Amino acid sequence: DTAVSQTPKYLVTQMGNDKSIKCEQNLGHDTMYWYKQDSKKFLKIMFSYNNKELIINETVPNRFSPKSPDKAHLNLHINSLELGDSAVYFCASSPHGGYGYTFGSGTRLTVV
Amino acid sequence: DAKTTQPPSMDCAEGRAANLPCNHSTISGNEYVYWYRQIHSQGPQYIIHGLKNNETNEMASLIITEDRKSSTLILPHATLRDTAVYYCIVRVEPGNTGKLIFGQGTTLQVKP
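Line order of the protein sequences matches chains A and B. So for the first sequence, this note's numbering puts the first residue at 203; every next one is plus one. So for the second sequence, this note's numbering puts the first residue at 10; every next one is plus one.
Everything labelled a hint here was simulated from the structure, so no lab data went into it. Don't take each hint at face value.
What the hints assert, rightly or not - Heads up, simulated EDC-like pairs for lysine to aspartate or glutamate below, C-alpha to C-alpha not over 20 Å straight-line:
1. B:LYS12 <-> A:GLU260
2. A:LYS243 <-> B:ASP91
3. A:LYS238 <-> A:ASP287
Since this is a predicted model, take the numbers as computed values, not measurements.
Construct the entire structure; sequences and hints are all you get.
Set out below in structure tokens:
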């Protein structure tokens, strides 16, 4: 039973489209995150939610909009996709405070 | 959170101990040392963490110097499956924002 699951695993789409990535955790954690790993393999945090409340927004373009319907789910919607959005997006969760992160297996987004 | 410095890459023979160093000379008294690893195409995986005492779990050992300015992650009997990027991260626990800041890490190549 996967602890942090992301869907889809792969996503290929054209520039200008809108797409969503979903994340669910069954660990009972309070906090969830989205990270982006670019072509240079650098992992950077994008957003963090604690009990459905946004607590971190790392100057990500407004085209990216996270939504947390409950503390077990954190989705990422991206409007007007650009070539530079191509990356692997990782969802993660942790108990409140950041101890013991668990990451999902990633969503590889390719914008063509 | 204090910055860390790691060698970009290391090799290790299969079955031998892998010793991965990390410098964190600006670490504060309330900051912990965390180690994560990322095996190719997977999400990062928690390995171990510590404050000032040496720690050991089923995956690895963490040796922290007395002045806490550096640490070493030890994989006692490296296998080919330990080939990965290893990240040393320093942060306050519990963190007020909970985010992990990843550097470039050390790419460990375990060779047969």
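Cross-check of the supplied hints:
no. : hint                  : verdict
1   : B:LYS12 <-> A:GLU260  : 18 Å, holds
2   : A:LYS243 <-> B:ASP91  : 18 Å, holds
3   : A:LYS238 <-> A:ASP287 : 9 Å, holds
The earlier numbered hints are all upheld by this structure, with none contradicted.
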